[in-house]
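Visitor: Sequence:
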Amino acid sequence: MMSLEHSLRQLVQRYQPVDAGKESYLGESAAGYNVGSSQIASSNIIRDPLDRFPSHELFHFLSDQRQQLKTDDFLFIAQNFGQSANNNIDQGPLARLKLLCSRLGLSSVESNITEHYWILVLRKRAWAAQPLDRIESVLRHDKKTATYKLALLRAFCDIAEQGHDSMYWYADGRAGVSLNRLAECWLEYYWPLLVHDIAQIRGNVNLKFEKGLRLLIQEAAELYRLPAESINLLSVFLTQREQDRLPESLANRYSRVIKEISQTIIRGPVDYTKGELFEYDQAQQKIMVDGDLWQEFCLSGYWVRDSLLVRWAELSASLAAVGVPTPVQKAHVFGVLLESSNVARDQSVASKYYKQQSNLCCVWTDEQISAKTLAVDHVLPFSLWFSNDLWNLQPSFKAVNSRKGDKVPLPELLQQRKDPLLDNWRYLYECEPTQFKSEVTRTIGRFEQRNWREQLFSHLLQTAEIAVNARQLPAWEG
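Counting from 1, one number per residue, gives the positions in the sequence shown under full-length UniProt numbering.
Derived from the structure by calculation, the hints contain no laboratory data.
Source: prediction; values computed, not measured.
It is possible that part of the hints are untrue.
Estimated spans, in silico, between C-beta atoms of each pair [unchecked claim]:
id	residue 1	residue 2	range
1	Tyr15	Asp244	18 to 26 Å
2	Asp90	Leu223	41 to 49 Å
3	Tyr168	Gly275	17 to 25 Å
4	Ala171	Lys70	34 to 42 Å
EDC-like mimics (lysine to aspartate or glutamate), calculated; alpha carbons at most 16 Å apart, straight line [unchecked claim]:
id	residue 1	residue 2
5	Lys259	Glu222
6	Lys259	Glu184
7	Lys208	Asp244
8	Lys124	Asp64
Ideal Cβ placement from N, Cα and C applies to all residues, glycine included.
Please model the complete structure; the sequences and the hints are all you need to start from.
Guide: In structure tokens, the structure reads:
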């Protein structure tokens with residue numbers, strides 16, 4: 001079998017032949033690598049990154065490496081697993097690394113995988129969205145008898161956008177998302193649709209979980225004394241759920257509905273795609289997709305979701321038109337579909353606790369603020385991420401918050417303001433530990449008591465980096 005060094009030498013010669021006399025490339029004595037008759041700068045070869053960096057630091061290391069490359073430059077990553085490795089090499093870390101690199105604009109050109117090592121060849125590209133031809137193909141051939149497939153794709157887009165670190169990588173490189181998390185998304189999507197009596201399946205047939213969800217809405221409306229059609233009802237319900245404060249009867253009904261939705265996901269869009277798009281892992285209770293497909297959700301999900309909503313509105317209008325004297329307008333359906341995104345999960349929770357804090361200061365300027373001058377700022381703009389999670393809510397001076405608007409803070413600014421950001425996280429966690437822990441777990445997939453602040457901050461930095469560079473969203477310098 002060819003050694004790692006020999007394979008690396010061949011790949012470098014293939015993709016990046018250079019003039020040995022060029023001063024911009026270093027010899028081995030200058031911390032570079034001799035590669036046959038050529039030489040390559042040590043900065044273009046990364047060795048054993050999985051051994052050298054914790055997962056929450058790897059993205060930022062790769063981001064620094066990318067800054068040193070010019071467009072179309074190659075980067076070589078070599079990971080050695082030693083002689084004890086077996087033939088069933090775990091490709092999960094490789095898939096995760098490919099995704100990180102893609103989010104940074106580093107395209108995978110070639111992978112050399114053996115039982116003892118793998119080498120990844122990457123190329124720096126100009127920022128551009130990735131195609132989603134596979135998803136488009138599935139949607140074009142959909143029978144369009146129900147909205148289930150659109151709902152599942154939307155859920156994947158939302159989770160990839162809001163909690164791309166929360167998924168699970170399998171050894172074969174596939175990605176898995178919690179079935180329970182997907183069911184929670186469905187509940188939020190279908191709640192307003194049922195309230196507005198908008199048909200979601202062809203024929204005089206109910207959704208598999210419709211009866212249970214309607215009873216849940218009715219019980220919640222009676223308990224919280226709010227009209228069923230009020231968007232505040234869903235907001236209050238979700239906040240109480242996050243805080244683990246649902247009354248027992250309502251919590252039990254909620255659990256039953258989530259189980260019904262979960263079964264619908266499995267027996268509906270997952271089974272009907274016959275493995276073409278989704279597969280169900282019963283042991284792990286996860287819905288699996290190919291790693292490349294998850295990568296596309298992460299890279300392009302923000303605009304795919306908009307396309308899905310348009311298709312969903314069109315399909316719902318056509319389903320509702322059968323036998324109805326006054327057809328449902330697509331614009332109306334579209335507005336209802338956006339209700340779950342616009343649900344304000346009680347931003348007043350953060351506001352209440354910040355107002356109770358003595359010597360409260362603006363997270364961006366350190367100016368002392370009072371209850372009258374306090375504005376609760378969405379670090380990641382709500383209009384783009386729809387996140388009212390406590391960790392995304394920070395105290396800000398009203399005038400500063402107005403200047404920031406819907407801009408995304410630069411990663412450099414976040415680094416400068418790291419201490420106050422983490423201090424506020426610590427404070428809100430102490431005030432509402434159950435809700436805060438639940439929201440962090442949903443975002444990054446875990447809550448490690450010793451290290452959750454660093455892991456969450458890493459997620460925030462990564463999200464801001466991609467938003468500013470890949471999505472070219474307006475940036476805020478502070």
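Visitor: Look at each hint and say if it fits the structure.
Guide: Quick rundown of the hints versus the structure:
1. Tyr15 x Asp244: 18 to 26 Å: 53 Å, violated
2. Asp90 x Leu223: 41 to 49 Å: 47 Å, holds
3. Tyr168 x Gly275: 17 to 25 Å: 18 Å, holds
4. Ala171 x Lys70: 34 to 42 Å: Holds, at about 35 Å.
5. Lys259 x Glu222: Violated, at about 23 Å.
6. Lys259 x Glu184: 10 Å, holds
7. Lys208 x Asp244: 26 Å, violated
8. Lys124 x Asp64: Holds - the C-alpha atoms of Asp64 and Lys124 are around 13 Å apart, at most 16 Å.
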